[in-house]
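Each chain is listed here by its residues.
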Amino acid sequence: MNRFSLKLFAVIIVLLCLRPNLGVAQTDDATIKGKVDGLEERTSTLESTVSGLTKLKITGYVHPQWVWVGIDTLVNPQFTRSFFQIRRGRVKFSYKSGDIGAIVYPDITEQGVILKEVYATWDFAHDKGMTMLQLALGAMNRPFGYEIAYSSSAREVVERSTSENRLFNGERDLGVQIAYTPSFGSLKPVLELGLFNGSDNFGAGPISDVGNSNANTDLSSGNLSFFGTGAIQGQTDITKITPKGADSLYILNKVNPAITGSVASGAPLVVANGWKQNAKEFMGHLRLPFLLSDEFSFDIGGSWSVGGITPPSDVEATYADGGKLVLAKSTSGAPHTFSQKTGWEPKGLFLSNRSVIGADLQLYLSVLPIGGTIIKGEMYTGTVPFYGSPALIGSGDTAAFGYATPVLVKKNVFGFYAMLVQNVTDWLQLSVRYDAFDPNTNVKGTDFSTATSASGPTVNGVSYLKAANNFGGDLALNTLTIGLNFFVQGNLRIMLDYDHAKQEEFTKTVAGTLVTQGSPNLDKFTARMQVKF
Amino acid sequence: MKKIMSMKKVQTLLAASAVFAALVGFVFAPATTITIKGSDTMVQLAQRWAEKYMKSNSGVNIQVTGGGSGTGISALINGTTDICTASRPMKDAEKLKLRDRYGSTGKEIRTAKDGLTIYVNEANGVSELSFDQIKGIYTGKIKNWKDVGGKDADIILYGRENSSGTYAFLKEVVLENDDYANAMQAMPGTAAVVNAVKRDPNGVGFGGAGYAKGVKEISVRKGSSDQAYNPSAENVASGNYPITRYLYFYLRQAPDAETKEFLKWVLGSEGQEIVKNEGFFPVK
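Protein chains in written order, with this note's numbering: chain A, 1 to 533; chain B, 1 to 284.
Worth double-checking, as some hints may not be accurate.
[Claimed, not checked] Beta-carbon label-pair distances, calculated as ranges:
{"#": "1", "chain 1": "B", "residue 1": "Glu273", "chain 2": "A", "residue 2": "Leu361", "range": "17 to 23 Å"}
{"#": "2", "chain 1": "B", "residue 1": "Gly223", "chain 2": "A", "residue 2": "Thr31", "range": "47 to 53 Å"}
{"#": "3", "chain 1": "B", "residue 1": "Lys141", "chain 2": "A", "residue 2": "Thr31", "range": "33 to 39 Å"}
{"#": "4", "chain 1": "B", "residue 1": "Thr35", "chain 2": "A", "residue 2": "Val36", "range": "53 to 59 Å"}
{"#": "5", "chain 1": "B", "residue 1": "Ala153", "chain 2": "A", "residue 2": "Lys55", "range": "28 to 34 Å"}
{"#": "6", "chain 1": "A", "residue 1": "Leu428", "chain 2": "B", "residue 2": "Thr35", "range": "16 to 22 Å"}
{"#": "7", "chain 1": "A", "residue 1": "Val531", "chain 2": "B", "residue 2": "Ser232", "range": "48 to 54 Å"}
{"#": "8", "chain 1": "A", "residue 1": "Gly129", "chain 2": "B", "residue 2": "Thr80", "range": "26 to 32 Å"}
{"#": "9", "chain 1": "A", "residue 1": "Val531", "chain 2": "B", "residue 2": "Lys276", "range": "28 to 34 Å"}
{"#": "10", "chain 1": "A", "residue 1": "Val36", "chain 2": "B", "residue 2": "Glu273", "range": "30 to 36 Å"}
{"#": "11", "chain 1": "A", "residue 1": "Tyr498", "chain 2": "B", "residue 2": "Thr35", "range": "29 to 35 Å"}
[Claimed, not checked] Which stretches of chain B does chain A cover? Using the computed rule of at least three CB atoms under 8 Å from a CB of chain A, they are:
{"#": "12", "stretch": "74 to 81"}
{"#": "13", "stretch": "104 to 110"}
{"#": "14", "stretch": "164 to 177"}
{"#": "15", "stretch": "206 to 220"}
{"#": "16", "stretch": "249 to 262"}
[What the hints assert, rightly or not] Partial list, computed: chain B residues near chain A (C-beta under 10 Å):
{"#": "17", "residue": "Arg101"}
{"#": "18", "residue": "Gly149"}
{"#": "19", "residue": "Glu161"}
{"#": "20", "residue": "Asn182"}
Read the hints as simulated data drawn from the structure, not as lab findings. Virtual Cβ for every residue (Gly too), placed ideally from N, Cα, C.
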């Protein structure tokens with residue numbers, strides 16, 4: 001074997017040795033390529049799945065808190081106590097795909113789970129790529145004022161104002177809403193219009209507390225309660241300083257309706273649990289934001305709400321100054337006509353037993369070196385219906401009606417708040433709010449007396465008797481709140497709030513003798529930990 | 001005399017105490033920390049600014065993180081960053097959130113200009129695209145390179161996550177708020193987009209001009225009959241390049257003294273030189 005042969009032999013051996021390896025390499029390449037292709041497919045599938053998931057957002061916040069309440073001995077002092085509470089445990093599921101969206105928003109507290117919001121949205125008109133018209137259908141925030149839509153997780157004090165709590169309890173309702181957001185240069189107004197069932201908390205009714213009202217007031221013992229007697233109700237109401245029974249009708253002066261007709265026998269005129277405001281409520285809010293500069297901007301807004309109550313009462317009444325109750329009209333027409341019946345009689349949607357208007361203003365200033373300043377104010381006024389006791393109708397009147405007839409009473413309400421928020425550093429914020437609500441502007445605390453007292457005032461030649469001995473809810477309530485917000489981390493806030501609430505001064509006289517006089521106080525301290533996610 | 005001496009002693013003691021206190025204060029005084037968070041497009045630029053500034057200002061510590069413009073704006077609202085970097089202007093909804101919390105819609109500072117660049121692989125024959133074509137490509141209506149003058153091959157889309165300001169800017173300005181195609185692969189940063197396009201002969205991506213290394217930059221025309229411009233310094237500076245944007249700093253309110261000094265420096269000659277070095281364009 002020569003050297004060439006040896007070399008050739010060596011090359012053949014090497015090639016033979018390599019051949020299987022080359023084959024393995026090719027096999028490996030094919031395997032790897034297959035694996036890569038498989039991974040690509042899986043990645044593609046995963047991307048598609050993840051892309052779908054990005055359309056679903058889960059956000060929320062929790063509000064565990066400790067509350068101490070001190071109640072004046074002038075009223076029911078047994079409510080003085082402290083307790084732990086989960087005010088909110090919100091998880092919001094928001095789905096948005098193109099122009100279509102859906103919200104499911106449960107609230108989880110120690111008392112159970114309830115759905116606060118469930119609604120679908122459709123952005124059906126656009127301007128320069130931005131949504132201009134949005135339709136929403138379901139259970140959602142009612143478009144009224146500023147406070148309702150302003151999230152509790154952003155609010156600078158622990159609770160909304162008394163007016164909002166009383167007039168729009170629960171904030172949400174079932175209905176349909178259209179939001180119109182046009183753009184006029186730098187001015188971008190927002191107009192929201194909604195038609196709702198007109199019942200708070202999914203049918204519980206805006207005046208569902210009527211049934212609890214009787215226990216709240218006990219003038220005969222000289223006590224006046226801020227709250228209802230139910231344990232849970234009392235606790236929840238304490239945290240909101242929402243006097244229950246306040247909207248009830250136990251303050252009243254008897255009436256002389258000057259009846260000219262009579263009421264035929266018929267179906268009961270009220271439902272058992274108070275009036276159901278199911279004749280729909282039409283409401284809206286217009287907001288005009290003025291972003292003038294980084295340092296100064298303000299928003300102004302106006303709102304209205306008109307709604308009916310069914311079944312309507314055959315007897316409606318309104319208050320006059322001094323607590324006089326005047327029967328105003330019969331909704332059934334003849335033969336239930338009363339001499340006071342005057343003016344236009346609305347029908348259908350415009351049977352607006354409830355009519356509230358509002359105005360709001362928010363000012364934002366960033367001129368102080370310590371931090372920005374926010375000033376907010378809001379006003380509510382209108383006429384709100386309540387269920388009146390059959391006892392309102394005197395025996396002579398009852399005879400005229402044929403049976404004891406409950407009365408639908410309209411009260412004039414007025415409320416407002418003014419709030420100053422000052423950022424002291426990036427992590428500390430001070431807030432002060434003065435909040436007032438008068439559930440019956442025609443009645444003063446000093447109008448109250450007992451049924452056996454002397455006659456009431458005489459108006460237009462008609463003598464009125466003074467009211468029965470129960471009252472309480474018609475007293476105005478003023479609350480001063482001072483709060484500190486510590487923004488500890490991005491998603492953690494500690495809130496310390498002190499509320500001092502004071503009811504309008506009242507007097508009780510028996511047979512012309514003053515037996516009780518005063519302005520009940522309530523003090524409340526809340527320490528809340530808010531975590532957002 | 002004794003009294004005078006003792007007075008001197010007291011003065012000396014006081015002076016010594018003051019010096020000691022000053023020294024202690026100097027040694028133990030915590031360095032001022034400025035946090036910057038936001039745009040991934042700006043993260044390298046912000047890091048260069050921070051490194052250079054800290055070299056000449058030893059008492060200042062600047063921490064830079066990315067995450068996207070949207071993430072930075074959220075951090076500004078939540079109070080977890082001092083400065084937010086953003087490759088798009090703040091949206092009205094974000095301004096209102098900031099205002100609700102701090103009473104101010106925030107301070108906007110333009111720190112650099114950028115031509116949002118469309119990248120393709122260097123082997124790709126396509127050199128120019130119109131707004132409509134880019135929109136068609138990224139919304140998935142145009143799927144093959146041959147439809148825009150290239151070879152017969154599927155277009156592979158690379159882009160950014162929806163927290164990215166670049167993502168939002170292209171969507172608003174070129175896609176006219178239409179949704180991106182589901183087929184777009186969302187990359188975690190502009191560098192990742194560039195790397196993907198570099199490897200993929202049929203890939204297309206977008207991002208800041210400063211990142212276009214090893215890929216081909218597409219010249220862009222606004223209308224189909226308009227002249228196409230490449231994202232050169234001149235074209236971006238003059239505004240001829242149609243996808244030009246500013247790169248922003250956002251603050252909650254007027255800056256404190258240390259932050260103000262840093263901002264002054266960023267907008268000064270040294271800071272703007274770094275802008276150029278990083279492939280962006282100075283604002284002045």
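Going through the hints against the structure:
| no. | hint | verdict |
| --- | --- | --- |
| 1 | B/Glu273 - A/Leu361: 17 to 23 Å | violated, 48 Å |
| 2 | B/Gly223 - A/Thr31: 47 to 53 Å | holds, 50 Å |
| 3 | B/Lys141 - A/Thr31: 33 to 39 Å | holds, 37 Å |
| 4 | B/Thr35 - A/Val36: 53 to 59 Å | violated, 40 Å |
| 5 | B/Ala153 - A/Lys55: 28 to 34 Å | holds, 30 Å |
| 6 | A/Leu428 - B/Thr35: 16 to 22 Å | holds, 18 Å |
| 7 | A/Val531 - B/Ser232: 48 to 54 Å | holds, 50 Å |
| 8 | A/Gly129 - B/Thr80: 26 to 32 Å | holds, 30 Å |
| 9 | A/Val531 - B/Lys276: 28 to 34 Å | violated, 45 Å |
| 10 | A/Val36 - B/Glu273: 30 to 36 Å | violated, 44 Å |
| 11 | A/Tyr498 - B/Thr35: 29 to 35 Å | holds, 34 Å |
| 12 | 74 to 81 | holds (count 4) |
| 13 | 104 to 110 | holds (count 5) |
| 14 | 164 to 177 | holds (count 3) |
| 15 | 206 to 220 | violated (count 0) |
| 16 | 249 to 262 | holds (count 3) |
| 17 | Arg101 | holds, 7 Å |
| 18 | Gly149 | violated, 27 Å |
| 19 | Glu161 | holds, 9 Å |
| 20 | Asn182 | holds, 5 Å |
Checked against the numbered hints above, the structure violates hints 1, 4, 9, 10, 15 and 18; every other hint is satisfied.
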